[in-house]
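Enquirer: The lines below spell out each chain.
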Amino acid sequence: MMMPPDDAVILTQDLKKDYELGAETIHALRGIDMQINKNEFVAIMGPSGSGKSTLLNLIGCLDTPSSGKYWLGGHEVSQLDDNELARIRNRQVGFVFQTFNLLPRTTALHNVELPLIYAGMPARERHERAKAALDAVGLADRMTHHPSELSGGERQRVAMARALVNQPSLLLADEPTGNLDSVTSEEIMEILVQLHERGETILLVTHERHIAAYSNRLITLKDGMIETDERHMIGAPVL
Amino acid sequence: MNVFDAVILALRQVWAQKLKSFFTLLGVIVGVMFLISVIAVVEGMNRYVEEDFASSIFGINTITIERVYSRRGGREDARTRRQRSRNPWIKTPDAGLLQESVPNIWYMAYNVDRFMPEVRSGGNKRKNVRLIGVTDQYLALQGWDVIEGRGLTRIDDTRAIRVAVIGDAIAKKLYPDDSPLEQDIRLGPFRYRVVGVLERQGGLIGNIRDASVVIPWGAYQADFSRRRDVVDQIQIRFRTSEAMVAGQEATEEILRARHRLRPGEENDFSIETASEVLDAWNAVKNVLLAAGPGLVAVALVVGGIVIMNIMLMSVLERTREIGVRKALGARRIDITRQFLAESATLSSVGAGVGMLIGIVLAKLVDVATPLPASVPLWSIVVGVTLGMFVGLVFGVYPAVRASRLDPIVALRYE
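In order, the protein sequence lines correspond to chains A and B. Per numbering that gives the first Met the number 0, numbering of the first sequence is gapless, rising by one per residue and ending at 238. Per numbering that gives the first Met the number 0, numbering of the second sequence is gapless, rising by one per residue and ending at 413.
Think of the hints as simulated: they come from the structure by calculation, not from any bench. Keep in mind that a hint or two might mislead.
What the hints assert, rightly or not - Pairwise CB distance ranges, derived in the manner of DEER restraints:
1) H144(A) - L363(B): 44 to 50 Å
2) D405(B) - S150(A): 39 to 45 Å
3) D134(A) - V408(B): 54 to 60 Å
4) T227(A) - W14(B): 53 to 59 Å
For each residue, glycine too, the CB sits at the ideal point set by N, CA and C.
Using the sequences provided together with the hints, build the complete structure.
Expert: Below, the structure is given as structure tokens:
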């Protein structure tokens with residue numbers, strides 16, 4: 000049996016995902032072999048229908064593969080049940096979405112607390128951790144605000160604080176700048192770069208080349224397979 | 000999401016949309032309200048019948064003997080009417096015989112009464128009065144306390160002295176300014192002397208006592224009797240219910256023999272006990288208590304279905320929220336618990352409102368009508384528990400549906 004190397008955060012082996020659409024079977028992923036190590040900053044690109052979202056769902060443990068194997072942080076997670084997957088999502092993965100996905104009726108602080116609540120952390124410790132996480136993204140003075148009282152950039156920073164508050168081994172960012180103007184996008188990407196420098200492992204899905212350029216490795220998908228996989232210097236133009 | 004957070008969130012939603020919440024919770028409100036107010040009235044009536052009514056009119060361990068007669072406007076057919084009109088009157092010798100022959104008598108009294116259009120004293124008058132001629136133990140047997148002056152004595156009776164004990168309403172009307180004692184009261188053409196005033200009864204049947212003038216049997220016979228020696232009611236009280244049952248049987252035998260009834264022939268007199276009144280009330284109560292839960296159940300089920308629909312809509316509206324929560328690590332049980340807490344909170348609010356309205360209704364009934372009502376604590380507990388239970392039961396389906404949402408689909412939901 001294959002064992003993942005120690006520094007591999009993500010390791011997949013012939014990962015496949017099929018969907019039944021009526022009588023037709025759609026092969027969304029046709030066999031992905033991929034290893035992402037600790038403290039890598041990887042961007043995934045590809046045209047729509049290339050399997051980006053499907054791959055992201057599998058890596059984020061929101062879905063299970065039709066076949067193949069997937070190790071996250073050294074543990075095989077491709078065969079886990081619903082509750083175990085929920086636990087992995089809670090402890091190992093931090094999600095940042097294009098549409099922020101903050102709960103509208105609650106404060107920024109409560110939004111950041113959510114993963115800690117599901118982790119079963121006592122209230123006092125929860126507050127401390129959530130405050131520290133908001134402070135780290137520069138929103139200490141916005142804690143009691145509701146999402147509707149925050150700008151787009153601020154909302155995405157709250158979402159990043161929420162993704163990181165449980166100290167996951169992997170940060171998944173799905174088009175995090177898709178709903179932001181270019182100035183705010185740059186701010187958000189700067190934060191991601193800082194996080195990477197601090198040691199986080201980041202997987203970024205985007206369709207914009209200049210956003211992908213912030214990463215140090217670019218994987219492109221096509222028709223459910225890896226087309227290219229290149230390492231490059233951060234900030235170097237991606238061709 | 001812990002339960003406390005879910006409760007706070009649900010309360011905030013109820014408050015934010017007060018009118019919508021009211022209609023959502025109408026079924027539960029009506030159900031709990033109905034439950035509490037019906038139980039309050041039944042309980043109040045129950046206590047009243049058992050403690051006041053039965054003991055004050057019929058008394059405990061007391062039998063009442065009456066001639067069976069045709070009531071004016073009664074519904075019996077002509078034959079029964081003829082038959083009843085031939086029923087023998089009960090007279091003082093009958094009472095005397097019972098007094099000698101029935102074992103274990105504690106108190107015994109007989110009385111006769113008539114309606115008086117008015118009684119007067121000086122320039123004051125009181126209309127619609129019941130005039131009762133009684134033997135000396137009558138007041139004690141009825142449990143009518145004399146709060147001013149004295150009751151009637153055996154001497155009053157045997158010497159046919161013209162004295163009267165009057166009800167509270169009459170005392171207030173005839174002698175508004177000073178004590179009625181030793182004052183004159185005009186009963187028809189006769190002048191009587193007031194020697195006592197009865198304690199006020201009030202309430203549903205209060206006017207029976209409060210508008211009565213009680214005079215000695217002898218005086219009544221002399222001044223008002225239409226048929227000499229005829230007795231309207233004989234009442235006998237026993238010390239124990241066993242003695243009462245034996246006394247009732249003895250009374251029946253004696254009167255049947257005296258009236259020369261053959262075996263198989265119906266009694267031409269009636270013997271009533273308080274337990275018969277209680278039986279009648281119990282029958283009414285049982286109907287109320289049998290129909291009540293049905294109505295409450297219908298209201299609660301309707302209320303539950305409305306809550307279920309509202310919760311299903313809420314799940315749909317918050318599909319994305321559910322997706323986010325799942326992505327952040329919420330398990331199925333966490334989502335289920337959140338929505339269950341919400342629907343239970345919602346219906347508990349309805350139960351609370353229904354409880355308040357029910358209590359207010361019961362108070363209104365108590366104050367505004369002669370019906371007594373009291374809200375027992377257990378009905379509040381049952382009402383609120385039922386209300387909350389409705390939310391839990393009808394919340395299960397929406398909550399389970401929410402928990403089964405696929406996080407990927409839910410996150411993409413617009």
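Enquirer: Could you work out which of the previously given hints the structure breaks and list their numbers from low to high?
Expert: 2, 3
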